[in-house]
Structure formats: structure tokens, C-alpha cells
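Chemist: Fit the two chains together into the complex; they arrive one by one in their own frames, and the hints show the way.
First to last, the sequence lines map onto chains L and C. In terms of numbering that gives the first Met the number 0, the first sequence is residues 0 to 306. In terms of numbering that gives the first Met the number 0, the second sequence is residues 0 to 280.
Calculated from the structure, these hints are not laboratory results. Please note: incorrect hints may appear among the correct ones.
Claimed, not checked - If you want a taste of the chain L side facing chain C, the calculated C-beta under 7 Å gives, among others:
#1 22
#2 26
#3 113
#4 117
#5 126
#6 237
#7 269
#8 271
#9 278
To be verified - Sample of chain C residues with no beta-carbon within 12 Å of chain L, all distances over it, derived:
#10 55
#11 72
#12 82
#13 224
Built from N, CA and C at the ideal position, the CB exists for glycine as well.
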Amino acid sequence: MSTKTLAGAPLRGFKSILEGKYFAWILLAPSLALVVAFIFYPVYRGVYLSFTRTVLLEGPGSTFIGLENFRQMFQDPLFLLAARNTLLFMGVGLITQLSVGLAAAMLLSQERKYIGIIRVLVVLPWFTPPVVTAYMWRFILDGNAGVLTKMLEGIGISFGPAGLWSNPEIAIYAVLFVDLWASYPFFMLFLLAAIQGIPKDMRESTAVDGANSWQHFRFVILPLISPVIVVSSILGVIHLINSPTLVLLMTNGGPGDSTTVLPLLAFQVAFQSYDFGYASAISVAVLAAIAGFAMVYIRFARFGKED
Amino acid sequence: MSTTKKKKRPISYYLVNVGITFLALFALLPLAWTFYTSLRTNLAIQRFPTKVGFSDLSFAAYIGVWRDTNFPMLIKNSIIVSSMTVVISLSLGTLAGYALSRSKFRGRQGVLLTYLVIRLVPGVLLLVPMYILMNNLGLLDSFLGLTLAYTTFTLPATIWLMKGFFDSLPPDLENAARIDGCSRMGAMWRISIPLVLPGLAATGTLTAITAWNDVLFAIMLTSSDETRTWPVGLREMIGEFQLPWESLTAAAMLSLLPVVIGFALVGRKMVAGITAGSLKD
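Next comes chain C alone, as it looks inside the complex (with noise of 0.2 Å):
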């Protein structure tokens, strides 16, 4: 673009700007308003839905959410599964988008479509047979078994999104290890996982919060206390206890928190794990 063309703007490229920020408004003031709500009493919530005002917001509700219910537990009980699935959906995510990158092998088409396919599936369609199965193997009511419901959901995803940035390394590199005698794992170990780590880091993002996030297989495989999810136990407690609106906005900001923490970490890079595989770029 020509500087010449900058200093005198056309109406469009400000409603451009104004489009551009509804955008941002659209996706940040409903987040913005329950982190409001949490920090207000019940009582100001009832009494004056639409006011905003600075003055007595605390974050007693946080306290009383971490104090007064099993909380903890069931974010605990979140970060054991989510970080289960990530280390499985990881390894076996990267040996396989490895060998699709690196090797040109008969039914490599094949596999790469099926990998298409399978996000596809109805998960309703799985969800009773694979409460049938996980009871025959007795992982019902166990994080092994929850984490692999959520590895098989995770895994397309992740073997496409690290073929992709396998795909982008040049593979000078690795021929280079080869010939000085590096066999092919440990050319794929000592030389192209080092260089794909941001990448790694991307999936192992993008595989947790999927993991953190769901309600419809923790619904289904987990019964108890030990290894119900937050999402579960945030419904029931809702439906229980009649939650007072400050303490749900409050448990909903903290459940939040990592995902946001995640997100803006490597965000970027994460976001590419939605199209992966889907579009020739």
C-alpha cells in the first residue's frame, strides 16, 4: 500500500475499524460481565442487574467456591485427566504425524484420511457403546478410561497438526544426522523434536483444553467424587444448591483461567489446530 494512500482514509476503512471492534465487544464484554458479576454480592446481582459500579466488589465468592466445596477436588481431578491425555495424545500424536511426514509409504493416503474422518463421528454414536466397553475393561469411573476417550478425540488433530510442522522443517537437516550415522529415531529424537517444541507446545494447548472441556464422556464414564471432572460437578453443583449467581460466575472465572492462560500463550499457533488437515495450505 502506497503512503500517499494513508493520509487520506475513505469512509469504509473506519467502519472497517468500527466492525473490526464490535468483533472484539462481541466475544469480550459476556466474559467481562461474568468476571463482574463474580466480584459482586447476590444481592446488588438481584437487586441492580444493569448496574456497574466499582465500589464493594470482592473476591469473596472466590473464597467461599474454594473453601466451602469440593472444587479443588474436581479441578484436580481436571488437571490429572487433562494432563494424562496430553502426555498419551502427544506421544502418539508426534510418532505418527512423524511417520506421515517423513515417509512416503503404501496406504499413507489411507491413513491420513481416516485420521480425516474419524472427527467426523457422531459422539453420540460412541457414547454408549463406549460406556459398554469401558465397563467390560473396568476403566469406568477411572481417569485411564476418561483419558482414553478424550486421546482418541485429541489424536486427529494432533497427528495432523504435527505432520504440518514436521512438513515444515527441511529435511537437509535430519539427512545430515543420518549420514554421520544417526539411525531414524534417533534423527527424529536428537534433531527435528527440538525444532518442532513451539509446535508441540501449540498441540499439547489445544489437546488439554479439549480434555478441560468437555461435559458429554465425563458426564457419562465418571460416577464419583475421586474422579468426577469441574465441568460435571459445576453442573451438579448448580442443580443441588440452587448456586448463588456470584459463586457460579466465580467457580465459571476459575475454570476459565488455565484455558485463558493457555490461550495466550500460544494462541496463535493453536488456533491452526481448528483448520489442520481440512485446507491445503
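Extracted from the complex, chain L is given alone in its bound form (with noise of 0.2 Å):
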């Protein structure tokens, strides 16, 4: 391309290098050199630590261990527990979501009154802030002041005199549900999208060859959605992997250790021994776990197919 404008007058300095064939990547390169600094940079950083002794209360010097920290991790107990814990966090959580995320889809595609108001409504809860939640939910569940607890005990379901929170066996399964509450709507916005790009007469001719819902449903809608329910199962599971946020606020990993997860533990062993190598071991083993999701996703996604 020459340095002259569509109107034809000459250009000069910086001007012309806007205009020239490297402006697109002049107009990238501030959040790319943000994205190198504080993503590309400190993955690489973390995923070196993993492999190096760093404790903050030593000092702060580093020294390579090679893989020292995950023989340890795999000795450790609590990260077993953790690692098993996250597989129940991730399975559970995945099956409530995006079944309760699709059949929500179901409804809301269906055209009523003030539909669309409803629509952005019920996905308030996955803006709302994980502390709001956090806290809302522990005083909705809590044994003493908790509206649900009392009126469960009503109908003659109990947690026991000390509550939910203090109960090792089910205190995973309340955060879960809050974060059924949090998230399904993340599943319901993906699988709406999905079922609206449908068009609307295929119902009709379905019902014209004697297809009732259940069967519309079963073999059109659902082979129609299926990548999209791949596509968001992935994101859904990286974030029930990923996200130790509603954990750390509702548990902190307790009663016991019964609800830390990976990601928890890695915060922990960070933030509260200051044991960065160790952590960053739990992290690469987040990473890894994931990793195998996201090139899933990568393949999946509809991405690439636009040009």
C-alpha cells in the first residue's frame, strides 16, 4: 500500500504509519503489551516457580527443585482431599447448572408477556457480587437466623443442632447450590442464544408430522444445540474448577478441611504459609486439568468458521 490517502495527498510522519498496512497492529499493540505483561509473563513465571523452592518467610530467593514440589503434592493428603473434592465440586456442579441452566432455557424461549424483562432479570444473580452472595446465602442457610433452615425444619428436614456450615458431609453440597444459584444462569444465556437461532417454524412442521414437544425437543432442539452445550459445559467446568471465590467466603475450606478445593488450597498455601513454589505446583496441576478442557473448547467453539 503507498502512503497516499484514498483523497490522494501525501502523508508524512506518523501520520502515514497510521494509515499504512501496520495500523491494525498499532491499534493492538497496547492491550497486547498489557496481555504479555500480566498474563503471557506471569503464567510463565508461575509455571517456573512450581518447579523452584520459594517461601516468602525464607527469603526471598528461589532455588530449583525440579519437580520436588508435586512428588510432594502427590504425598500430601490434603491435596488429595482437595483433588477430590474439586472432582465433586466440577461433576456436581456441572450436572445442576446445565440442567437447570437448559431447562430455564426451555422456558424463557418460549414468547410472553414481559418476557424479555425476565429474561435480564433472572441472570441478576451471576452479577451479583460473590460477597453479596457469599454472605446472603449463609444467613438464608445459617442453623440459628436462617429463613430456609427454620422453614426446612418445618417440614422435618434438619442439618443437625449445629447448622449446615458445621456439618462436613453437607456443607460442599450448600455451596454447591449457591453456586447453582450464581452460575446456571451463565448456562441458561448460552443455550437461550442456542434455541432462539432455531428457526420457528421448524416446530410447526414437526407438529405437522405428528411430533409432540417432548419428541421436538429430543430430536431437533437438542442435536441443533448440542455443540453449544459443549461449548459452555467447558466454560462452565473451567469455572467450577477455577473460581475458589464462593468457597474461600462461605467455608474458607471448612468445617475441617471438607470443602477445600484445589484452587482454595493454592490461595492458602500462598497467601497463608507464603510456600509460593508449592502453590504454584497446585496451580500447574489447575492448569493441566483445564488445559485438556480448553483445547476441547478451542476445537468446539465456533471460532474460525467466520471468515
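Modeler: Structure representation (C-alpha cells):
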């Protein structure tokens, strides 16, 4: 491309660079620089730290120790418990959030009065600050003052005298329920978009063929939205593995260690024992778990087919 | 749908209505109950946990939280950090989104993919190195440090969203401006940006809420009262003083208020940010 504008005037200096073939890269440079500095470099650094002994309380230096952190990790009962809890959190979280999300998307895809407002309204929990979500539900499910606890007791469901949050058997399911409240709208949005992308007259033609609503859902809608189910599930699973925030705020891993999940463990090791090397090793384990899902995601996301 | 169908509706029509109502209640009832609690007295909350009554309600807890704790300071800090994040994230994101929308250059697919994959990087992996990096840069416990951390998380969604808004503009307008002698930057600034202002508002709100809500990086990157944001401050207040329920819920409602306002204004456009880039539409 010549250094002339469409109007034909010659260009000089900085202006000519902006008009030239590097235009796009100049606009992209600031954001890419930020990503390199605050994502790429930290990721590289985090992986490197996982092969070192870096304990802040022993001094700022780090010693390369190879795979020692990982060896220690697989012998650490707390890590194994956290890994087990993470799997449970992921599995139960995905199944509950995906099914509620799908049901909600089916319901909200119907045309009704005010449906536009409701479609937005039900997403409010997703945007509610986690601190609000966490303490709100801690309160609603509190052993003494919790309205839901009392109502459940009224119909004969009791969580014991010390309440839900002191019960190591069910505390994790309580957190999962709260995460369902906050996160199912994420699935709903994806699936609703997919369902709304299906042409409306499709139902009319299957009705002519004698298909009932269930058959229409099972043999028309479900196959059509299955790529979006895969994509949203992967993103949802990554979110579930990834975010210790609710657990941190609601139980901080307790009672005992019954709700400790991997990212929370990494956070605690890093900022309570200041063992940066070991914390990084745990984070790398989380990364490894996510990487597999991420690759499937990249293949499945409709990405790359747009041009 | 034909009008004759509307007169006699099948049962399923009403079942769907019940389902939709249930969804709305599931989302709103907990928040409504929390608001109700914030207006009650601690004694009433403890003694009659399930009672619903409209006498003896007051905003005393709100006044108490605002006057007797450092909550106003926490809110102020959060407003500063969120605003800075919006400004930086929107400026960089708009430029990048525009480039990705308008230019077909080599490496474009790679850049788009990068911004898609970044959203998958586990936050915990970044925690420790980000802490070290901010420490080395002297940005620990500063507004700027927290802002830069948030910007990196909000950028991918911002870029994908802005790209989408620019994509939806007809290119003819800009071409006309260019033929009239407008520079590329000029065409973007004078023609395209004004047309995507509603999208910019929605993206900005989404960014602000992300920064406003974050707990994890705020716990890690701030330590003093002067920079601490409200989620960290509230968490500590609850731990230290055993905050009574009505004060806790009042503080929670106060911090939720900006989110609800933003949501009410641009919620519909904002929710598109969640799926941006992941779906072909």
C-alpha cells in the first residue's frame, strides 16, 4: 500500500504509519502489551516457580528443585482431598447447573408478555457480587436465624443442631447449591441464544409430522444445540475448577477440610504459609486439568469459521 | 402464531408460566429477603427468623454502617479502581476491537484466538506471579496495580464485544468519510465511535461490575485501609467484629446497589458479554 490517502494527499511521519499496513497492529499494541506483561509473563513465571523452592518467610530467593514440589504434592493428603473435592464440585456443579440452565432456557425461549425483562432479570445472580451472594446465603441457611433452615425444619428436614455450615458431610453441597443459584444463568444464556437461533417454523413442521413437544425437543432442538452445550459445559467446568471465591467466602475450606478445593488450597498455601513454590505447583495441576478442556473448547467453539 | 390458537390454551402454556415465575422468584426472593432483613432489628431477626411483618422496619442499619464503620472509604476505593479499570479497559479494548473488526491482516485469527483462550487461564495460577510482579513494579497496595490486574481480565470480553459492535455497523459510512479525506483514526473517532456508544456503555458497565465484584485479587494485592476495596473490607469486618445480621445485610445491599443500577440501565446488552466470542451469531 502506498503512503497516500484515498483523497490522494501524501502523508508524513506518524500519520503515514497509522494509514499504512501496520494500522491494525498499532491499535492492538497497547492491549497486547498488557496481556504479555500481566498474563503471559505471570503464567510463564508461575510454571517456573512450581519447579522451585520459594518460601517468602525464608527470604526472597528461590532454589530450583525440579519436580520435588510435585512429588510432595502427590503425597500430601490435603492435596488429594482437595483434588477429590474439586472433582465432586466439578461433576455435581456441571450436572446441576447445566440441567437447570437448559430447563430455564427452554422456558425462557417461549414468547410471553414481559419475557424480555424476565430473561434479563434471572441473570442478576450471575452479576451479584460474590461477597453478597456468599453472606446472603450463609444467612438464609444459617442454623439459628436462617429463614430457609427454619422452613426446612418445619417440613422435617434438619441439618443437625450446629447447622448446615458445621456439617462436614453436606457443607460442600450447600456451597454447590449457592453456586447453582449464581452460575446457572451462565448456561441459560448460552443455551437460550442457541435455541433462539433455531427457526420458529421448525416446530410447525414437526407438529405436522405428528411429533409431540418432547420428541421435538429430543430429536430437533437437542441435536441442534449440542455444540453449544459442549462449549458452555467446557467454559462452565473451567469456571467450576477455577474459582475458589465462593468457597473461600462461605466456608474457607471448613468445617475441617471438608470443602477445600484445589484453587482454594493454592490460595491458602500462597498467602497463609507463603510457600509460593508449592502453591504454584498446585496451580499448575489446576492448569493441567483445565488445558485438556480448553483444547476441546477451541476445537468446538464456532471460532475460526466466521471468515 | 395464529390468533385462533390463543383463545384456548393447552395446559403446557400455563405450566411454562409457572416455570418462568419460579425462575424469577428463585433469582429475586433471596435478594428481597436480604433487603427485608437489613430493615429489621437484630433481636427480631434472631427471635423470629421466618416472620414477615412490615412494622418496626427502619434504615437504622444503613445509617449505622455508613457512619460508624469505614465502609464509605471502602466504597470510595472501589469506585476509584472500577472507574480506572473502565477507562483503561475501554480505551485499549475499543482500539483493539476496531482493528479486529475493520482490518483483515495476517495474524488476525491468532489474536482473536489469544483473547478467547486468555479467558480460560486459571486465576490461581496468576495469583502468585502477579503478586511478585506487582511487588517488583512497586504497585502492590496501589490503585494502579489493582486496576492493571483487573484490566487484563476484562480486556478479552471488552475486545470481543467491541469487535461485535463495530462488525454490526455498515462500512459504507466510514468509506464515505474516507473519500471525503478523513484519516482512518478520524473515521473511527468521528463516525464509528459515536454509533457504538450504547455498546460502549454496556461494555463499560460489564467491566465496572467485574472490577467492583472481585474479591480474590483485591485480597492479595491490597493491604492498607487506603486502597482496600469493599469486598475485602466487608469480609474483614465480618471476621473481626462479628457484624450483626442487619448491618451485614445493609452493607451487602449498599454494595449491590450500583450493580443493580447498571444492570437496570444496560442489562440486556451487557448479558451478551458473557457469550461474546464463544458463539457464532
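Chemist: Decide, hint by hint, whether the structure agrees.
Modeler: Verification of the supplied hints:
Of the supplied interface hints, the one on residue 22 of chain L holds, with its beta-carbon coming within about 6 Å of a beta-carbon of chain C, less than 7 Å. Because the beta carbon of residue 26 of chain L sits about 4 Å from the nearest beta carbon in chain C, less than 7 Å, this interface hint is met. A hinted interface residue such as residue 113 of chain L counts as satisfied when its beta carbon comes closer than 7 Å to some beta carbon of chain C; here the least separation is about 9 Å, so the hint is violated. Interface restraint check for residue 117 of chain L: the shortest CB-CB distance to chain C comes to about 6 Å, inside 7 Å, so the restraint holds.
Hint status for residue 126 of chain L relative to chain C: holds, with the closest Cβ pair at about 6 Å, below 7 Å. Annotation: residue 237 of chain L was flagged as interfacial toward chain C, and the flag holds, the nearest CB pair being 5 Å apart, inside 7 Å. Interface restraint check: residue 269 of chain L against chain C, minimum CB-CB distance 5 Å, threshold 7 Å, status holds. Using the Cβ-Cβ criterion of 7 Å, the hint placing residue 271 of chain L at the interface with chain C is not satisfied: the shortest such distance is roughly 11 Å.
Because the beta carbon of residue 278 of chain L sits about 6 Å from the nearest beta carbon in chain C, less than 7 Å, this interface hint is met. Distance to chain L confirms residue 55 of chain C as a non-interface residue, since its nearest Cβ pair spans about 16 Å, more than 12 Å. Residue placement check: residue 72 of chain C keeps its beta carbon more than 12 Å from all beta carbons of chain L (closest about 16 Å). Non-interface call for residue 82 of chain C relative to chain L: holds, since the shortest CB-CB distance, roughly 17 Å, exceeds 12 Å.
At roughly 17 Å, the least C-beta separation between residue 224 of chain C and chain L is larger than 12 Å, which holds for a residue marked as non-interface.
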